[in-house]
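As a plain string of letters, each chain reads:
There are 2 protein chains.
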Amino acid sequence: ADLAAGKAAFDKYTCASCHGADAKTSVMASYPVLAGQHEDYLRHALGAYKRGASGAPATANIRKNAIMGAMVAQLSPADIANIAAWLSSLPSPLAVRK
Amino acid sequence: ADLAAGKAAFDKYTCASCHGADAKTSVMASYPVLAGQHEDYLRHALGAYKRGASGAPATANIRKNAIMGAMVAQLSPADIANIAAWLSSLPSPLAVRK
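Heads up: the sequence lines are chains A and B, in that order. Just so we're aligned: the first sequence equals residues 1 to 98 in the numbering used here. Just so we're aligned: the second sequence equals residues 1 to 98 in the numbering used here.
It should be emphasised that the hints constitute simulated quantities derived from the structure, not laboratory data. All C-beta atoms, glycine included, are put in the ideal place defined by N, C-alpha and C. Take these hints with a grain of salt, some might be off.
In silico negatives: residues of chain A with every beta carbon more than 10 Å from chain B [unchecked claim]:
id : residue
1  : ALA16
2  : ALA21
3  : GLU39
Chain B regions said to be covered by chain A (calculated; three or more residues, Cβ under 8 Å) [as the list claims (entries may be wrong)]:
id : region
4  : 24 to 38
5  : 61 to 68
Some chain A residues flagged as far from chain B (calculated, every beta-carbon gap over 10 Å) [to be verified]:
id : residue
6  : LEU3
7  : ALA4
8  : ALA8
9  : LYS12
10 : CYS15
11 : SER17
12 : ASP40
13 : TYR41
14 : ALA45
15 : MET71
16 : ALA73
17 : GLN74
18 : LEU75
19 : SER76
20 : PRO77
21 : ASP79
Based on the sequences and whatever the hints tell you, model everything.
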């Protein structure tokens, strides 16, 4: 995966509007911290939103979400891999909270 | 929410089997880090799995996942609130990674 392309895609698709430019200061607490999360999990989650948005049957491993469904519909598999890799590489402030 | 009850529920429902006893060393990288995640988001995610498992229509905000669906089916609304609060309160090592 290409970390720089991941950051570019994160910017291009305006992910920061909800998740914050640093992917850790989301605008609402009902939106997750992404910085430092496992790359594999992020890729899984984005794929599940994509399957949910594309009308996949309600079998295992889909997510239906109006916002994220619309966002990921624009992403190619390479975008998803690059975004997940870049987010996973980011430092996260969570440990500072305590 | 009751943090001690949240920890007790995390233990009782064997969440640690996949997510790790500290909720940050998951057994597979396709399972997320939970420690330090936003409480509201964790509550949302658990609720979405619960709606998905209960045969809710494929409208917005459901998650279909065989593992998590079976897990959350056992949880009461109070369990979900307590678990989310406890997980959110945990320190997370993510910042140490860089």
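Okay, the hints, checked on the actual structure:
no. : hint     : in the structure
1   : ALA16    : 16 Å, holds
2   : ALA21    : 17 Å, holds
3   : GLU39    : 7 Å, violated
4   : 24 to 38 : holds (count 11)
5   : 61 to 68 : holds (count 6)
6   : LEU3     : 12 Å, holds
7   : ALA4     : 16 Å, holds
8   : ALA8     : 20 Å, holds
9   : LYS12    : 24 Å, holds
10  : CYS15    : 15 Å, holds
11  : SER17    : 16 Å, holds
12  : ASP40    : 4 Å, violated
13  : TYR41    : 4 Å, violated
14  : ALA45    : 8 Å, violated
15  : MET71    : 13 Å, holds
16  : ALA73    : 14 Å, holds
17  : GLN74    : 18 Å, holds
18  : LEU75    : 18 Å, holds
19  : SER76    : 20 Å, holds
20  : PRO77    : 16 Å, holds
21  : ASP79    : 19 Å, holds
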